[in-house]
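Asker: Line order of the protein sequences matches chains U, W, V, L and X. If you're matching positions, the first sequence starts at 8 in the working numbering and goes up one per residue. If you're matching positions, the second sequence starts at -18 in the working numbering and goes up one per residue. If you're matching positions, the third sequence starts at 24 in the working numbering and goes up one per residue. If you're matching positions, the fourth sequence starts at 114 in the working numbering and goes up one per residue. If you're matching positions, the fifth sequence starts at 34 in the working numbering and goes up one per residue.
The set of hints was computed from the structure by calculation and includes no laboratory data. The beta-carbon is built from N, C-alpha and C at its ideal position, and this holds for glycine as well. One or more of the hints may lead you astray.
Taking lysine-lysine and the DSS-like style, the derived pairs with C-alpha atoms no more than 30 Å apart in a straight line are [said to hold, decoys possible]:
id : chain 1 : residue 1 : chain 2 : residue 2
1  : U       : K319      : V       : K530
2  : U       : K324      : L       : K146
3  : V       : K491      : W       : K194
Every beta carbon over 10 Å from chain U, so not counted as near; a handful from chain L, in silico [what the hints assert, rightly or not]:
id : residue
4  : V142
5  : K169
6  : T173
7  : R186
8  : R206
9  : G212
10 : H219
11 : S224
12 : F238
13 : Q241
14 : G246
15 : P247
For reference, the chains in residue letters:
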Amino acid sequence: MNNAEQIKETIARIFPDVETVICYQQGFDGLHATPYFISIPEQVNKLIWNPLCAQNLTSYLPSIKKKVGIVVKGCDSRTIIQYLQEGLIDRAKVVIIGVPCTGVISVKKVLREIGHQPVVDVVFDDNGNIVVKTQKGEKRLAIADVCPDKCTTCQYPTPLVYDHLIGEPIASNKPKEDVYKDIREFDAKTLEEKRAYWEKEFERCIRCYACRNACPMCICQDSCIAETREPHWISQRLSLQEKFMFHMIHAAHLAGRCVECGECERVCPMDIPVAKLKKKINAEMKELFNYETGVNPDDKPPMYTFNVDEAKIKEHKL
Amino acid sequence: MAEKEYAYFSGCSLEGTAKEYDTSFRLVMKTLGVTLTEPEDWSCCGSTPAHTVDHVFAAALAARNLAIVEKMNIGTLTTPCPSCLMAFKKAHLGMTEDEAFKDQVNELLDEPYEGGVISKSSLQIIYEDVGLEKIAEKVTHALPDLKVAAYYGCIMNRPPDVAQFDDPENPVAMDRVISALGVEVRDYAFKTECCGAAFGVPKRAMVNELTYKVLSMAVDAGANCIAVACPLCQQNLDLRQEQVNRAMGASFNIPVLYFTQIMGLAYGYSPKELDMDKLVVSAGPLIKTRIPIAEYRAMKEAEAAAAKKTPKAREAKEAAKTEES
Amino acid sequence: MRVGVFICHCGNNIAGTVDVARVAAEMRKLPGVVYATNYMYTCSEPGQEEIKQAIKKENLDRIVVAACSPRMHENTFRKTIEKAGLNRYFLEMANIREHISWIGEDKELNTAKAIDAVKMAVAKVMKNKPLYSSSFKVNKRVMVIGGGVAGMQAALDCADGGLDVVLVEKSPSIGGMMARLDKTFPTIDCSICILGPKMVDVAQHEKIKLHAYSEIDEIKGYVGNYQVKVRKKATYVDWTKCTGCGACMEKCPTRNAYDNFNFGVAPTRAINIPFPQAIPKKAKIDPAFCRQFTKGKCGVCAKICPTGAINYEMQDEIVTEDVGAIIVATGYGLFDLDKFPEYGAGRYPDVITGIQYERILNASGPTSGHILRPSDQTEPKTIVFVSCAGSRDKSLGVPYCSNFCCMYIAKQAILTKDHVPDSQSYVFYMDIRSPGKGYDEFTRRAQEDYGVKYIRGRVSRIYPKGKKMVVRGADTLLGTQVEVEADLVVLATAVVSAPGAAGMAEKLHISYDTFGFYVESHPKLRPVETNTSGVFLAGACQGPKDIPASVGQGSAAASKVQALFSKDMLESDPAIAQVNTNACVGCLKCVRTCPFQAIKEEELRNGKKVAKVIETVCAGCGVCTSTCPCGAIQLQHFTDNQLLAEVNAICQG
Amino acid sequence: MSGVAGKELRIVGFLCNWCSYGGADTAGVARFKQPTDLRIIRVPCSGRVDPLFVVKALLTGADGVLVSGCHPRDCHYTDGNFYARRRLEMLKRLLPFIGIDEKRFHYTWVSASEGQKWQQVVTDFTNQVHKLGPMHAKKESEG
Amino acid sequence: MSDTGYLPKEKIKDFLKELAKDAVVYAPCLEGDIVLFRPFSEERTLCLDRPANTPPKSVIYPQSETLFAFQYKKAPEDHQKMSVELKADIGVPNMVIFGARPCDAKGFRIYDRVFIETNTPDPYYRKRRENTLIVTLSCAAPSPGCFCVAVGGGPAHKEGSDVMMTELEGGYVIEPVTEKGRAILGKHVIEDGKPYLKDAQHVQAKAHDEVRNPFAPDELPKISQSLFNFDGFWEQVVGKCVSCGACTYLCPTCYCFNITDEQGIGSGERVRSWDACMFFHFTLEASGHNPRPTKFQRFKNRVGHKFIYYPEKYEGVIACCGCGRCIRYCPVNVDISEIVNYLKDTHQELHWASSRKEGTQPTVGSTKDE
């Protein structure tokens, strides 16, 4: 595909208006892309653009003070919009190179398919497949089968905000009503099942905070109350109770803010479905306030505003 | 082509004493392009007697019909009779708001009612769904002599929580519908005053008194006929008018028409088609002057042209005066 | 840490159902608690003395008092420990009376619950920090919003006390509702005759600055230092030139303008002076009716004005006033007739409201004081008054009593008889409420001396019959239905909050009830204060009240302002939010949610952006603390750790 | 160990100082009898109640949590309870997702004058929690 | 008894059961899609075909452990008198770590120097270490990102292990490394392994050749101090780091910890828990000052600790075992071997130094090509 070339051209053009451009380069093996910070146009030749480029690069934006260029997919652009809603970045200091996206791959899913073999080579064919070569042979996988869950219900394949758009916009072909289908299905389980599920998942948590640090909306970072004594919400014990509490803090603080980029889940070394809690809250935000994160910069995050008369909140009877 | 479709529950009165209401309503609906489909095997709505005996049983009678309509997949049921309407609305509300009540009622039914039918009076669908613009559009004839007092009766709009239509104290839907036909409507204070309803038999004296008030207020308001939307009201005001005259020493001779009959007249149906001959107090003299709308307009324009010359000039002069001062 | 715990018996109130000795014994087992005792009446003089002694003797540094509600005695004990040299915030109270001994029957369970409650207080007090007030300067200038009788009284009292006053009135003249009344009950003295001189006093007082025909756009700041933006609405007449001669009004060709002052009883001119005694007596154009505005041509008044005061191009003007306190006296509103479809909803000209009748009775009103009914300008002989038209009617959303209708109906009935001796008045009423000095005598006089027929029952319908209005109602004392054929019907429509009351409350950050009336700090003991310090209430904006009550409140509010301004510096409440700038990440979510705009952005010397609390504005609600994801902004005295200590004491303790 | 084993469950209440705490006082003054399980934490405003306090309590030993503030529009701080309403509603809907019965958490509005309503709320909520039984039964039997 | 044993594959469960008779056996088990060391039981699925996601370090050095519990006691006769009662429990069962990889086992040797081979040994660690038998499985092939041979290890490196197993087609060749490990050969499912030893050695040698060495072969990496101390370098190479603790918590050689008192009203615990130098709070001082406020400084410390400070203190031993987990599981693919490679290369240093002089941005991407 020519998108990579077009991105390179665009990046070359936006220098020296920007000091840095954040994009992707090949990671330590064929299956991994890694963030790539370009500070001189010549570096652009190592840029890659393919379905490995799953990471949401926008997480870096709030901490960068200088003017930057950034490559974003449709889903990533929601983060930028959410930043704008919350006043966390200065739009004038970001040059957005938007790239319509047909889906990325989940490394975890590919590894599962290839039995966690070391990868020798990875190629993408023209029919939407990824071909992974290992010592034990070659495996051809449809990207649609190994994409992150977020791609399966993607509503915004084309960035919602950009300064330069690479290629033609793509419309979503995923039904809107399916976005929260997984949440509804999970919710239908019994309380005991749900409790047991989370206890089993959270038990694995090692409190490495990768989910938190990779989360673009976790703005506290160094000040996170998971680690402070003032306030002292949770201890350093490794009990299930503390882990549960940490994940509830994470979820509560993202209420009405989670842009569903799936970074928390992608980075979790323990394979915990951390995004699910936040998605549940998002489903409720949609239901209660008809609010969807990261689609309109003029929206107000629902937890930081109110209506005197709430149309959807009924008083609860005992 | 039909634009709208309703399940049509005529009810028992319209099969008998109020046949003309049924006839005229069907004709008017045809003109307005509304399809009425009668549910098969409909039965008594329960009316007043049922709910005075047992609420569950009363609701079951109504809900049986609602269940039939629900199966028709039309969604909205219309009935001209306010009594039927009330029975349906009460059963529907009771069953949708109280799960236990719903179960009790459905226990009595062969086919359960799940709460998927909206009931509206015929007046409501004409006023709200068809709309005044459409009503006016179809007018072919003018009725220059009619001065109508619109009489709604007691349960068309009340209790407001159940009826959920128009103002409970001063309803205006029928007034506006008739006005839209180009027919003169008189402001009438007793729109919702009780006519005595079904007490005509057991408490005749009381009904005489109440009906007398309703009639005399219409006359005081300058009306020469009354429009109604309820078979029972029509009966008390029309059939018993002579009885009232005798009992109260009055001499009313005021025709009581269904509003749909007035609509029918404006839409060019003949009095015969509209079963006007079923009225006890004849409306014949009043509707004699019916005239096609085009002719009527031409006549009025000629009159206006003649009359308006002078006042216009006066107005212009006055305006000039103020400028000067 | 050396915590002292004092458990109060409250006579038998607590000790009757709580084993106080056991609670004290349990507390002694807690680390940190070095002293625990129980006492008959801790709030008594000797009880407080014992606390002071114990603080000295046992070297206590934190005190827990387990007794009644802190809403009752927290301040008492704070003062006590302060006198003994401790910071007042080193006190915690455990409410073992209202929340325990009075509501639980089982002594065993009550005692266990009391132990928990005191334990929670101990856990919290150990996390308490000393807090200190800071002081700030007061701007000794007061704004009074509303120029009715309550506002005027407040303004005059403040001005007489030497304060600079800014009086803001929405309509073109001060005077409010009272200026529209004919006579006042129970003395039947002329309303404007007693109000007029007061209005003149206001106009002439050198300490009072009047903004008539002005509204409040925005209020910023805090007690002692408010900045109020006042919008002076365009009158299209230059008031510095207008002499109030009235020539323009006489010549104005538009004769159908709505007369706000007369509540539409009769029309007025598009340019008008609302009433002869108006202060300021200046003309104002109503652009909704003026031909110059509606048709784009006329200009009669501009031609006629001897001083050239007319200015069709005039725009609203915004002025900012700096004041230290605000007295709100925005008055009340009245139910519209259209709320009553059964009474014709305004369709019948001869069914009018009490205030309209007041204007008809008034010598300077549109009928020059002759009682003529609106429909045909004839003198009515039978007049029906309907009290509680809307009041005490839940279905209309007015469950409360409108307070003064019973009295003014009696007054109007008496006046009617005076004006039309051969008239007969009827009053439909629910109860006669006349609990004031000379009030009950007055209503009796109406019945006994003036022959007013009082019918106890409500009116179900009013309808026209020929030239008469038939009033149908119940006579509950006779148990029958009655119908009165009246020439005129007067409805004592319900008193409601002033239009726009809610919006004004939001600008002021004061609370209002479901009906839009402003909420006082305490219904009994702080009747003119609000929960926003520096904002006081006077008159019917707080609830329906008659003239003496309104005047009384006006004076009360003025005296509160005087007391507030008696100090040059004010002390701020230290239990407010505080930012830990190390932890703050500058996301400023707290700025978004603060109900008081008490938080702003600040740049530290190292360039880091953080939130900063404006101490004097913060009211201490803690919304910011529960908004802040990183716990950087903490409401002092209710910090996360303090509340967590309590949670842990229950859940883990 | 909080509560009296066997008879009581642990119920934590967060009450705003101005309305609900006052309402509970009013109920006390009127001697309206109530179950004794509830332990009350006084906060200035329901807007101060971070939903995480509720989570913390439920995860660490509470069997039920009750939050009560001023009626909407009657907030002492004008808007505090409006924020509380949104946050607590969010939590109410989230709890079942993590397997905690939402009936263990209730939020409501009680004014300082509504002593009777307070009695009703406490009684009904306590009964509701008792119907669900202890939340941490497993842990206690193990320990 | 032979020096070498052999465990047929079909008997592996019996073997584990036998070990479990007098010890808790931690073995790599499949959980969902990942492999974790869990106390082995019948219902678990053993997974030996790839290294576990987490090293077995928490078996001997738990992520969080109570050092002691304390309780305040008031004298019954005088409530002003208070004492503190301490309770410490270091009773540890016998444990077996089965199926660790050589790099994992080597990690324990890094800890031993810190916690045991010192003047003040740590009783908690020592007790667990002494009670644990480490049965290691040599690697037949490298895993993504791993580089043990470059830091003094290898796919069959025996340091830290008590027993070394090598997988052949039908079973495992078992070589005892320590005396403690030799006891294994006595287990009744173990057969004589001598016939298979040659094959095993062949497998080991082959694997050794396959593992990548990002640094110069046959030589431990030497770090250039000047580049190490150049801030611009770190800003360039770890700009993408998100400063989480995945690398340290998954590392078999990271051992930094925090000690906190978790206190209720009357009692509490002193808790030791892992900490990570990648966290801001790691060096946050009570005053609010933080000597390592940026992720660059923190990452520098991580590399420094492993490749400079530890070797300086412990005779040149590098505190990195090359397992590759920090690379594999890094949210943003920060590659420590790549960074160390820059640091050791004198040619690179010149490049960085020159770019520093000119004031231009050093450029990692392009230098890597040269």
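Asker: Taking the hints in turn, state whether each one holds.
Answerer: Here is what the structure says about each hint:
1. The suggested pairing of K319 of chain U with K530 of chain V holds, with an alpha-carbon distance near 27 Å, which does not exceed 30 Å.
2. Annotation: proposed proximity of K324 of chain U to K146 of chain L holds, straight-line Cα distance about 21 Å (limit 30 Å).
3. This hinted pair checks out: K491 of chain V and K194 of chain W have alpha carbons roughly 15 Å apart, not beyond 30 Å.
4. No Cβ of chain U comes within 10 Å of the Cβ of V142 of chain L; the nearest lies about 23 Å off, and the non-interface call holds.
5. With a least CB separation of 6 Å from chain U, K169 of chain L falls inside the 10 Å interface cut-off, contrary to its annotation.
6. Residue-level check failed: T173 of chain L sits 6 Å from the nearest beta carbon of chain U, not beyond 10 Å.
7. Here R186 of chain L does not stay apart from chain U, with its beta-carbon only about 7 Å from theirs, under the 10 Å limit.
8. Look at R206 of chain L: its CB is around 5 Å from the nearest CB on chain U, not clear of 10 Å, so calling it non-interface is violated.
9. Consistency note on G212 of chain L: stated as away from chain U, yet its beta-carbon is not over 10 Å from all of that chain's, at 3 Å minimum.
10. Residue placement check: H219 of chain L does not keep its beta carbon more than 10 Å from all beta carbons of chain U (closest about 6 Å).
11. The beta carbon of S224 of chain L sits about 14 Å from the closest Cβ of chain U, which is more than 10 Å, so the claim that it is off the interface holds.
12. Its closest Cβ contact with chain U, about 6 Å, brings F238 of chain L to no more than 10 Å, contrary to its assignment away from the interface.
13. The beta carbon of Q241 of chain L is not kept farther than 10 Å from every beta carbon of chain U, the shortest such distance being approximately 6 Å.
14. For G246 of chain L, the shortest C-beta to C-beta distance to chain U comes to about 13 Å, beyond the 10 Å cut-off, and the non-interface label holds.
15. For P247 of chain L, the requirement that its beta carbon stay farther than 10 Å from each beta carbon of chain U is met, with the minimum near 14 Å.
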